[in-house]
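S.K.: Below are the chains, spelled out letter by letter.
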Amino acid sequence: MKKYAFFPGCSAQTTGVSFTRSTEYVAERIGFEMTEIPDWNCCGTSAASLTSPELTVALPARSLAISERELPGRDVVTACAGCFRSLKTSLVYARESEENLAHLRELIDMPYEAKANVVSLLEAFDDDEVRQAISQKVVRKLRTLKVACYYGCAMVRPAGICNFDDPEDPQSMDDLMRLIGAEPVDWAFKTECCGAAQQMAVPKQARPMIERIFENAVANGADCIVTSCPLCMLNLDMREAEINRSRKIRGEEPFDIPCYYFTELIGLAFGGTVEELGIDIHFHPAELLLLQRELDALNLEYEEMIAAAEEKRKKDEMAAKIAAKKAEKAAKAAAAAKAAEAKTAAEQTAEGEGAAR
Amino acid sequence: MRSLDLTRISPQDVRACQEIASEAGVDVKDCYQCGKCTAGCPLAEGMDLMPREVIRFLQLGAIDVVLDAKTPWICAQCDVCSSRCPQNVDICSVMRAVRQASKRAGKRPVPEADIFDDEFIANVRAHGVSNEQYLAAAFNVKSGHLMQDADNAVRMLTRGMVGVTMHNIEGRAEVAALIDRALAADAARHAARETEGGEA
Chain P
1 MKKYAFFPGC SAQTTGVSFT RSTEYVAERI GFEMTEIPDW NCCGTSAASL TSPELTVALP
61 ARSLAISERE LPGRDVVTAC AGCFRSLKTS LVYARESEEN LAHLRELIDM PYEAKANVVS
121 LLEAFDDDEV RQAISQKVVR KLRTLKVACY YGCAMVRPAG ICNFDDPEDP QSMDDLMRLI
181 GAEPVDWAFK TECCGAAQQM AVPKQARPMI ERIFENAVAN GADCIVTSCP LCMLNLDMRE
241 AEINRSRKIR GEEPFDIPCY YFTELIGLAF GGTVEELGID IHFHPAELLL LQRELDALNL
301 EYEEMIAAAE EKRKKDEMAA KIAAKKAEKA AKAAAAAKAA EAKTAAEQTA EGEGAAR
Chain G
358 MRSLDLTRIS PQDVRACQEI ASEAGVDVKD CYQCGKCTAG CPLAEGMDLM PREVIRFLQL
418 GAIDVVLDAK TPWICAQCDV CSSRCPQNVD ICSVMRAVRQ ASKRAGKRPV PEADIFDDEF
478 IANVRAHGVS NEQYLAAAFN VKSGHLMQDA DNAVRMLTRG MVGVTMHNIE GRAEVAALID
538 RALAADAARH AARETEGGEA
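Those protein sequence lines, which keep their order, are chains P and G.
In terms of the working numbering, the first sequence opens at residue 1 and continues consecutively.
In terms of the working numbering, the second sequence opens at residue 358 and continues consecutively.
These aren't lab readings, by the way, just hints derived from the structure by calculation.
Computed from a predicted structure; not experimentally measured.
Keep in mind that a hint or two might mislead.
[To be verified] With a cut-off of at most 30 Å between alpha-carbon atoms, the simulated DSBU-like pairs for lysine-lysine come out as follows:
#1 P:K141 <-> P:K2
#2 G:K386 <-> P:K204
#3 P:K204 <-> G:K499
Produce the entire structure from the sequences given, and follow the hints as far as they go.
M.R.: Spelled out as C-alpha cells, the structure:
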C-alpha cells in the first residue's frame with residue numbers, strides 16, 4: 001500500500017480530535033502508513049486567501065517543502081478538507097510555471113520542487129487496494145444505518161484545483177459507506193457549504209446554511225450525516241443544539257440527527273468502540289442511534305434467518321413433492337410398460353394359437 | 358436594483374474596476390448576467406448585493422458601490438458560483454479581489470469578517486499554527502461580541518478539545534518571516550501597479 005506524508009492541520013488535536021483518533025484507528029488496521037510532516041505550519045485556509053494571493057500560496061508551501069526534504073517520494077495526505085484545498089491551491093500554482101515556482105521559493109526561502117502530490121484522506125481511501133483492505137477488516141456491517149454523505153465544498157471545489165470526484169454529486173464516500181454495509185441516501189446538499197469560518201464572523205447570515213443541510217438530510221430519510229472535514233463537523237454537530245433552540249421558538253420540530261466522520265463509521269465496522277473512535281465526545285448525542293441501528297441490524301438478521309429457514313423448508317417440501325411425483329410417474333410408466341408387455345405377450349400367444357390352427 | 362448615475366463614473370473608477378478584475382484573473386465582460394451564481398449562492402439572502410450585481414457594477418465601473426458592498430465580506434468562499442458559471446467567470450476570486458481592494462481603500466463594510474481574518478493570521482504569525490481557543494477569544498474581544506460561543510467554549514473544555522496550552526511550532530519565527538515576505542510582495546505588486554496606472 002502507498003505510503004504518505006501526513007499534514008494533520010490545526011484542529012487535529014483540538015476540535016477535530018475524533019477525526020484524528022478514528023483516522024489513526026482505521027489506518028493502523030488496514031496498513032495505511034502515514035508519517036507526520038515535521039514542524040508543519042497552518043495552511044492559512046480562507047483567512048490567507050482573503051488576505052493576499054501571495055500569502056495563499058506561501059503558507060502551505062513551507063510544509064510541502066519540508067515534506068519534500070524529510071519524506072522524499074511521498075505524496076501528502078491531509079484529513080481536513082480546508083487544509084486540502086489550501087495545500088492543493090499552492091501546489092497547482094507552483095506547478096503552473098517555472099516562474100511561479102521560483103517566486104514561491106523566494107517567498108518561503110527554502111528549496112522546493114513541488115514534486116509531491118496532495119490528496120485528501122477521502123481521496124487516498126478512494127482506491128481499490130484500500131477498499132479491499134477495508135472490506136477484509138469489517139467484522140460488523142452497519143446495516144440499517146441511513147447515511148447522508150456530506151462532502152462539503154472544499155473537497156471538490158474549485159474542480160480545477162481539487163480535481164477529485166464529481167463536484168455536484170460525488171460518490172467516493174457513498175462507496176465507502178456501502179462497503180461497510182451502511183445505506184447512503186440520495187440527497188441534494190452533498191457539496192453545499194456549511195458556512196466555514198463565516199459561522200463565527202457573520203453568524204446571523206450563516207446559520208441558515210446549517211439548518212438547510214439538516215433539513216435536506218432529514219427530508220431524504222437520513223439517520224445521520226457523515227462528514228470528511230473537521231470544520232463541517234464542528235459547524236453541524238456543535239451548532240445543532242442552538243439551531244434546535246431557535247426551531248422550538250419558531251414552533252418547528254427540532255432535529256435529532258447526529259454527525260460522524262467517515263473514519264468513525266469505518267472504525268465502528270472494524271469493531272472499534274465509541275471511546276476508541278472519539279464518538280463519545282460529540283456535541284449532539286451520537287451513541288444512541290448507533291446502538292438502535294445495531295439492534296435493528298440484529299433484528300433484521302434474525303428476520304432474514306427465519307425467512308431463509310422458511311424458504312429452505314418450502315424448497316425441501318417442494319423438492320419432496322417433486323420427487324414423489326416423479327416416483328409416482330415412474331411407477332405408472334413402469335406399470336404401463338408391464339401391461340403393454342403382457343398385452344404383446346398375450347397377442348403373440350393368440351397369434352401362435354391362430355397359426356397353429 | 359438601485360438606480361445609478363452613470364455620468365458620475367470617472368475613467369479612474371472604470372480603471373479601478375478593471376484592476377480588481379485583473380487581480381481576480383477574470384474579464385467581467387464575459388458575464389451575461391444570467392444569475393446562476395446568485396441562484397446557487399448559499400449566503401445570497403444575507404447579502405446586500407447579489408453576486409451577479411457585484412459583477413454588474415464592476416462592468417459599469419461603479420467602484421464605490423462595489424467597495425462599500427457587504428457581499429464580498431459575507432461570501433464564505435465555497436466556490437459554487439464559479440463552478441456553475443456558464444461563462445467561466447471566477448466570481449469567487451472576484452469576491453476576494455474586491456475585499457482586498459476595499460480593505461486597501463480603508464473600508465471594512467463587515468468589521469467582524471475583517472477582524473476574524475486579521476486575528477487568524479496574527480495567531481498563525483505568532484505561533485505557526487492557529488490556536489482556536491485564543492483566536493475565538495481575541496475575535497470576541499476585538500469585535501465586541503464578548504459572549505459569542507461562550508456556551509460552546511465550555512462544552513469544548515469539558516470534552517478536552519481545548520485547554521489553556523498554547524500550541525507553538527519550532528519554526529514559528531520562520532513562519533512569521535514568511536508571512537511578512539508574502540505581505541510585502543503583495544504590497545509591492547500593488548504599489549507597482551499604481552505607479553503604472555498613474556503613468557498611463
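S.K.: Hint by hint, note whether the structure agrees.
M.R.: Quick rundown of the hints versus the structure:
{"no.": "1", "hint": "P:K141 <-> P:K2", "in the structure": "26 Å, holds"}
{"no.": "2", "hint": "G:K386 <-> P:K204", "in the structure": "33 Å, violated"}
{"no.": "3", "hint": "P:K204 <-> G:K499", "in the structure": "18 Å, holds"}
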